[in-house]
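**Student:** Since each chain sits alone in its own frame, please combine them into the complex, following the hints.
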Amino acid sequence: MASRIEKHRSILDFTLSSLMRRKGKNISLFLVYTLVVFMLGSALFLTQAMKREASLILKGAPEIVVQRLLGGRYDPIPVDYVEKIRNIRGVISAGPRLWGYYYDPVAGANYTLTVPRNDPPSRGKIIIGKGISRTRMVYRGDIMSFRGYDGIARNFTVESEISSESELVSADLILITEAGFRDLFGLPAARATDIAVTVRNNKELPTIARKIADMLPDTRPIIRDEMVRTYDSVFDWRGGIVIVLVMMALLAFVIFAWEKASGLSADEKREIGILKAIGWETSDVIAVKAYEGLLVSFFSFTTGILFAYGHVFFASAFLFAPALKGWSVLYPDFRITPFVDPYQVAILFFLTVAPYTVATIVPSWQAAIVDPDSVMRS
Amino acid sequence: MIRGFFRKKIAKARLPIRKSSLALSLLGVSVLLLCLMFTHAYLQRQADALSIDRMAGVVGNLELTDLSLFTEARYTRHLSQTDLHSAFQDHPAALEHFPAGSIAGPPAGLRR
Chain Z
31 MASRIEKHRS
41 ILDFTLSSLM
51 RRKGKNISLF
61 LVYTLVVFML
71 GSALFLTQAM
81 KREASLILKG
91 APEIVVQRLL
101 GGRYDPIPVD
111 YVEKIRNIRG
121 VISAGPRLWG
131 YYYDPVAGAN
141 YTLTVPRNDP
151 PSRGKIIIGK
161 GISRTRMVYR
171 GDIMSFRGYD
181 GIARNFTVES
191 EISSESELVS
201 ADLILITEAG
211 FRDLFGLPAA
221 RATDIAVTVR
231 NNKELPTIAR
241 KIADMLPDTR
251 PIIRDEMVRT
261 YDSVFDWRGG
271 IVIVLVMMAL
281 LAFVIFAWEK
291 ASGLSADEKR
301 EIGILKAIGW
311 ETSDVIAVKA
321 YEGLLVSFFS
331 FTTGILFAYG
341 HVFFASAFLF
351 APALKGWSVL
361 YPDFRITPFV
371 DPYQVAILFF
381 LTVAPYTVAT
391 IVPSWQAAIV
401 DPDSVMRS
Chain C
177 MIRGFFRKKI
187 AKARLPIRKS
197 SLALSLLGVS
207 VLLLCLMFTH
217 AYLQRQADAL
227 SIDRMAGVVG
237 NLELTDLSLF
247 TEARYTRHLS
257 QTDLHSAFQD
267 HPAALEHFPA
277 GSIAGPPAGL
287 RR
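Quick mapping for you: the protein sequence lines, in order, are chains Z and C. Quick note: the first sequence uses the numbering used here, first residue 31, plus one each step. Quick note: the second sequence uses the numbering used here, first residue 177, plus one each step.
Chain C extracted, bound-state conformation (with noise of 0.2 Å):
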């Protein structure tokens, strides 16, 4: 009876885990979620192919030179057909305002 109860006590004791094993389990986790991050950026490349095809149809059978991405003012609504010193278009001191000057910078030929 009494060698019984001790090997229900031997039975119940588990060792901890080792922290180590968790670290390096949720290192294998971290590493398979970056996998799949390139993995479903990979599928999902593949799965927009086609929609990116036809705007580009979209684009060519409209003769479109940009994305409607900054609508607010007609020079940055058009940012590759806009003149060189767009900013100035209104009258000389009109510095830009638009908060897409922020983001696009000024024309590559001005630059140089």
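If we strip away everything but chain Z, and leave its shape as in the complex, we get (with noise of 0.2 Å):
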């Protein structure tokens, strides 16, 4: 046992000595190959983190949200359907939600004005997300003017901002009193934004949904399923720009192990005839080559994948930030929780590193079964 260990100890010691030979190609090797898992780990740690951050968030948003629907868009729903939805065996409690947008000249972003039911500020005050506070450097006690519905403008005192742990729900929202939100978008006292619905048994959600679509046809119910759907799309590794990025980068890694496994240069060819002259067998040359190529695939693997988790859970994703950001102006200053799985950590693993050594092996194999006199002199 100890002098087989020996032995492939000394065909590692050899095979290091053959990558230090070559120390410019394999670097290059090593950087590229680094750089790819980099990419794609990165893709892989945002995406999972931020669909499983959201579907945690999401646990609180509102069960059902009924919003009314004129030629097909989006209108104010009439108050009085909270009633009617209230009446529907299984339904807890509905009420009508008011908010809006608004958006400010000044620093060229759009704000989300929301009515609290529970604790809202008081009149002629507002409390502001960390977001706006930031962008128009707003803090407590100052005044933000907003222009109404009639061109005149309102003034609302900042009475608080909302703590910086919630921004990444948080960071456009401005709390405003329900007489101060009506007065400034001119709603009338009979209409609300949409209605939120809680229900007694959540297996039930579905089959509510249907019946207020049954009983009031202009509304389209949306289930807290769909939202934390919505996020999950939206965060799909397979879906939009992630997958573009993954397939590039897969690309780069198909050409990349495809030139690895289209041949040997002329002097690998040669250490390997010279290798199999010397009275080396078929599988030591093997193992020189499955070595070399474990060792640049997992050496590779290892520092792509903990640069991608540094760069996504202690660097925010900054490299990435501009296409979450797009032209947005208020942008969350949130810190990415790491929900990192290694299922997906070993799929990738598997993805790059034995394609690679694969690859590796292959061309010598084929190199090392021919009689070494003719390797030697191809």
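If you are wondering where the hints come from, they were derived from the structure by calculation, not from laboratory data. Some hints here could point you the wrong way.
Subject to a maximum C-alpha distance of 16 Å in a straight line, what follows is the list of computed EDC-like cross-link-like pairs (lysine to aspartate or glutamate) [unchecked claim]:
#1 Z:K89 x Z:D262
#2 Z:K81 x Z:D297
#3 Z:K241 x Z:D43
#4 Z:K55 x Z:D262
#5 Z:K81 x Z:D262
#6 Z:K53 x Z:D371
#7 Z:K89 x C:D229
#8 C:K195 x Z:E36
#9 C:K195 x Z:D43
In this text, all values refer to a predicted model and were calculated from it rather than measured experimentally.
**Tutor:** Following this line, the structure appears as structure tokens:
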């Protein structure tokens, strides 16, 4: 047993010397490989973590939101629909939600104005999200002016800021009183933005949603599962820009492995020929090449994946930020919680390390089974 | 004296570290770092659980439906609440032009 271990250590020594002889080529190989794994790993970590975080955060979202559609488009809902929905068996509560958007030409940003049903701010006051505070540089006690539906400006005093801990859901929020909201947007008292519904049994959600749609045909109920699924599809790594990113990285990797698999250089062939001529067995030659592939791919994989982890969870995926931010002026400043799925890391490992190692072994095996003399002469 | 000189020489001569030992040590360090990565992820998740719960509380209290990730347009801000043809909502030829549209795919209902 000890002699076998010693033999393999000697083969490993030889492999490392062989790698060191082609230092430039192998270092560039390592860098490209690491970059591919880094890109793939970053996309994987970011999407997986955001999906999990969104589903955990949105578990507090309303169970059903009922919108009114007019001409196929969203329209404020009559408040008397609330009573009709409350009368459906299985519904615990239903209440109107008041929220809307305000475009601020000063910051060039869209704010979301919401009327909280619990603990609203005092009259004439607002509570703002950290994103707004940062962008507009307004703080507690400052006054913000909004142009109303009639063109007249309304002033509101900032009562406080929403904790930065919840910035991911509140960066652009402005909490306002119901009176302030209706006065600013000119929304009649008989209308609300939509209706939030709570039901007794979660399993009944689709049934109750169907009952609402049957009873009020001009409405569109959206259940919480659909809200969570929206973010699943946004951060689904098979969808959107992520697929482009992944495909590009995979394509780069395929080209790279193909180059490796397509043949050996004259030097490598000569080396194999000499090894065979001095008495090495084919299995030893294959072992050298297998170690070579494993060493390069394993170290590239670990370096790439560790950098990807640091990039996403310590540096908030700053390389992907331009794609995520888009044209948003207000963007939440948040740290992503590392929901890392070992299964996906394992898939990435087998998708990158295994094909590369195989691609290294196959041409060497082809060279090793040929007569050493002809290999050296070729 | 001569014997003493050779003894000194012998004591100074050291076997060079084998390349395989170095590679195996590096391999061990890499595996350790990978384990540390998973451990850090686990510990950080535990540490963040309370903050995520509080965020879910804010979502529940304010009856929010979406993350404030894409604030560039009203129909990208509340992705789960937009109408099915939001890309065309301004006029019939208004194709999606916000960068967020390249990340968020069309609603599942349209892809069926």
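**Student:** May I ask which of the numbered hints given earlier this structure violates, with the numbers listed in increasing order?
**Tutor:** 2, 3, 4 and 6
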